[in-house]
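Keeping the supplied structure of chain A fixed, place chain B upon it in accordance with the hints.
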Amino acid sequence: MNRPLLWETLYRILPAPALLFLCLLTTASARAQEAPYFVTYDHHLEEPGNLEIETSSTAGVPQSGQRLFFAPYVEFEYGVTGRLTSELYLEGQTTSGDGAVFTGWRLENRLRPLTREHWINPVLYLEYEGINEASCITKEIAGHTEISNGRNATLAHTHAHELETKLILSSNLRDWNIATNFLVEKNLSSSEGFEFGYALGVSRPLARLASGRPCHWCRENFTAGFEMYGGLGSTLDLSLRHTAHYVAPVIGWQINDNSRLSFSPGIGLTPASNPVLLRIGYTYEVQGFGRKLAHLLGAKTSGGRP
Amino acid sequence: MKRVPYPFWFLLLLLTAPLLLAQNADYRQDPRWHAPAEAAEKKNPLATKPDLAAGGRKLFTRHCIECHGPSGEGRKKAANLQLALVQEQSDGTLFWKITNGNPDRGMPSWSGLPELQRWQIVLYLRTLKLAAGP
Numbered sequence: 001m002n003r004p005l006l007w008e009t010l011y012r013i014l015p016a017p018a019l020l021f022l023c024l025l026t027t028a029s030a031r032a033q034e035a036p037y038f039v040t041y042d043h044h045l046e047e048p049g050n051l052e053i054e055t056s057s058t059a060g061v062p063q064s065g066q067r068l069f070f071a072p073y074v075e076f077e078y079g080v081t082g083r084l085t086s087e088l089y090l091e092g093q094t095t096s097g098d099g100a101v102f103t104g105w106r107l108e109n110r111l112r113p114l115t116r117e118h119w120i121n122p123v124l125y126l127e128y129e130g131i132n133e134a135s136c137i138t139k140e141i142a143g144h145t146e147i148s149n150g151r152n153a154t155l156a157h158t159h160a161h162e163l164e165t166k167l168i169l170s171s172n173l174r175d176w177n178i179a180t181n182f183l184v185e186k187n188l189s190s191s192e193g194f195e196f197g198y199a200l201g202v203s204r205p206l207a208r209l210a211s212g213r214p215c216h217w218c219r220e221n222f223t224a225g226f227e228m229y230g231g232l233g234s235t236l237d238l239s240l241r242h243t244a245h246y247v248a249p250v251i252g253w254q255i256n257d258n259s260r261l262s263f264s265p266g267i268g269l270t271p272a273s274n275p276v277l278l279r280i281g282y283t284y285e286v287q288g289f290g291r292k293l294a295h296l297l298g299a300k301t302s303g304g305r306p
Numbered sequence: 001m002k003r004v005p006y007p008f009w010f011l012l013l014l015l016t017a018p019l020l021l022a023q024n025a026d027y028r029q030d031p032r033w034h035a036p037a038e039a040a041e042k043k044n045p046l047a048t049k050p051d052l053a054a055g056g057r058k059l060f061t062r063h064c065i066e067c068h069g070p071s072g073e074g075r076k077k078a079a080n081l082q083l084a085l086v087q088e089q090s091d092g093t094l095f096w097k098i099t100n101g102n103p104d105r106g107m108p109s110w111s112g113l114p115e116l117q118r119w120q121i122v123l124y125l126r127t128l129k130l131a132a133g134p
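Chains A and B are the protein sequences, given in the same order. Note that our numbering has the first sequence beginning at 1, numbered continuously upward. Note that our numbering has the second sequence beginning at 1, numbered continuously upward.
Hints are not guaranteed to be accurate.
30 Å max Cα-Cα, derived DSS-like pairs, lysine-lysine [as the list claims (entries may be wrong)]:
| id | chain 1 | residue 1 | chain 2 | residue 2 |
| --- | --- | --- | --- | --- |
| 1 | B | K42 | B | K129 |
| 2 | B | K76 | B | K129 |
| 3 | B | K129 | B | K49 |
| 4 | A | K292 | B | K76 |
| 5 | A | K292 | B | K43 |
| 6 | B | K129 | B | K43 |
Okay, the calculated beta carbon distance ranges per label pair [as the list claims (entries may be wrong)]:
| id | chain 1 | residue 1 | chain 2 | residue 2 | range |
| --- | --- | --- | --- | --- | --- |
| 7 | B | K49 | A | W176 | 17 to 25 Å |
| 8 | B | H34 | A | S96 | 30 to 38 Å |
| 9 | A | L167 | B | A37 | 48 to 56 Å |
| 10 | A | P113 | B | P31 | 16 to 24 Å |
| 11 | B | H34 | A | E146 | 49 to 57 Å |
| 12 | B | Q29 | A | F182 | 33 to 41 Å |
Covered stretches of chain B, as calculated for chain A (at least 3 residues, CB under 8 Å) [stated by the list, open to error]:
| id | region |
| --- | --- |
| 13 | 60–66 |
| 14 | 94–107 |
| 15 | 110–116 |
These are computed hints drawn from the structure, not numbers from a lab. We put the CB at the ideal spot given by N, CA and C, even for glycine.
Next comes chain A alone, as it looks inside the complex (with noise of 0.2 Å):
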């Protein structure tokens, strides 16, 4: 590894989260019983009426001999009803050495089939990218990975259309959310076949107990546990050669009322995989966007009724 190299992305890439870090402390009171899981997905949809907006980055610190990558992304997830949540993101990507790109969209929608909680809670998943081959925010892994070389300017012109589906099962045991999430991923704009991959993640909550006193450092804001994702191969080579594993532990803070700090240092484990993949991520979530969206749009609204 480059070390200078390293220090000095690195030094591009902390001032952002630090001073984000700085601006969160001065807020004021917390939300929401979500893992702090970047890749596996769980049972719990957005709140419906819910808008919640997320900046999230990926930094790779890849093998000898590549380059360093910074891919940040911004989510738009709104809770359609109580049973289907609807996802926008937008991302792009800079690379040592190399330029800044945009680098596409996705569409995603959530939906979940029964009703109440059981020992296992099956959601479906369906997205569209609108991606090119810069893409490297590794929202999900599927099929083979090759770490490209290539200059951003040149990979960002190979556009790719992809289609994702998910089976999501997910239990809550004990205060510890179980999830695993089965994927299929289908490039429409070449023919790679159908990709598969997986993602597993457990975690908990540190405190079972909320404390009556408001607090930003109790042990009730914060959710740690870790995740594990990687590719299984495609239909045209059914195998694990060439596939990228991570093992990444997980922990998120519930700043106040409203938004959420998570962190994840992930650690690959075979030779196709980044060394290292850094995620931080934050969230803030707009309570009551649909009212208050309807509400500006003219809408009446009405008083509380049993």
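Then chain B, alone, in the frame of chain A:
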């Protein structure tokens, strides 16, 4: 410039259609939303620790007031939690309803919260009855 294939637009429409769906209808009590007898009979393990209701209040403020209002007075799509209709329900029933939610009517499932925190919310809901008077 590369021409975007026709199926793309169809797919895009399919994916964006849910965004066009309306929000849930105005709140009306759901006669089908019943806790199973076994769940309804559960006792609150924190019933002897009323001081923990303060933590329940904090959780209520975080998760519930957007729909139920700051005093649980209810809003367009959510029940008035002060009413006898709600307060007469057993602790076990309220816990079950918080845990499972009623997604078709806009009430999310809060099963992701630790079990004791959900019982703290039940503890706090009981104070809303006191606040509203006999």
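Results of checking the hints against the structure:
no.	hint	in the structure
1	B:K42 / B:K129	holds, 20 Å
2	B:K76 / B:K129	holds, 20 Å
3	B:K129 / B:K49	holds, 17 Å
4	A:K292 / B:K76	holds, 13 Å
5	A:K292 / B:K43	violated, 38 Å
6	B:K129 / B:K43	holds, 18 Å
7	B:K49 / A:W176: 17 to 25 Å	holds, 24 Å
8	B:H34 / A:S96: 30 to 38 Å	violated, 60 Å
9	A:L167 / B:A37: 48 to 56 Å	violated, 33 Å
10	A:P113 / B:P31: 16 to 24 Å	holds, 22 Å
11	B:H34 / A:E146: 49 to 57 Å	holds, 55 Å
12	B:Q29 / A:F182: 33 to 41 Å	holds, 39 Å
13	60–66	holds (count 4)
14	94–107	holds (count 9)
15	110–116	holds (count 7)
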